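Based on the provided sequences and hints, a complete structural model is requested.
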Amino acid sequence: MARVEISGAWEGEVAGAVEEFFQDRLGPDIARDAARYCPERTGALRESIEHHTEDGDLIVSATGGAGGRTYAAYVELGHRVYHPSTGEVGPEVVPPQPFLRPALYQQRSGE
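If you read the sequence shown in the working numbering, its first letter stands for residue 359, the second for the next number, and so on.
Please keep in mind that the hints were generated in silico from the structure rather than gathered at the bench.
The structure displayed is predicted, hence computed values, not measured ones.
There may be inaccurate statements among the hints.
Restraint-style ranges between C-beta atoms, simulated for each label pair [stated by the list, open to error]:
| id | residue 1 | residue 2 | range |
| --- | --- | --- | --- |
| 1 | Val447 | Arg394 | 29 to 35 Å |
| 2 | Ala367 | Thr411 | 19 to 25 Å |
| 3 | Pro453 | Arg361 | 19 to 25 Å |
| 4 | Val372 | Gly426 | 37 to 43 Å |
For glycine and all other residues, C-beta sits at the position ideal for the given N, C-alpha and C.
Dropping the structure here:
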């Protein structure tokens, strides 16, 4: 009869393996796909794509530029146009150009 024994350190070993997988495999793959799908005008959005782990979670993010400018969500989700000369939001709509969600939803092999 087969017997399985689990050491008391199994949780730490699994958490370490998951973090390593996130940092070395999954995070770079998603970030690379996001950069591939990212629309490019100046390249700032593509350059802002990064990945890291935080409290055991994988975070893949994009801000969109330097100097505190964050427009990645406007590109990903689309937006209405603001007219600075009138101070109003017009009826014009800039359609979404998703790049993070398609990268996240890619089917990936475990290899």
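Do the hints match the structure? See the list:
| no. | hint | result |
| --- | --- | --- |
| 1 | Val447 x Arg394: 29 to 35 Å | holds (32 Å) |
| 2 | Ala367 x Thr411: 19 to 25 Å | holds (20 Å) |
| 3 | Pro453 x Arg361: 19 to 25 Å | violated (60 Å) |
| 4 | Val372 x Gly426: 37 to 43 Å | holds (38 Å) |
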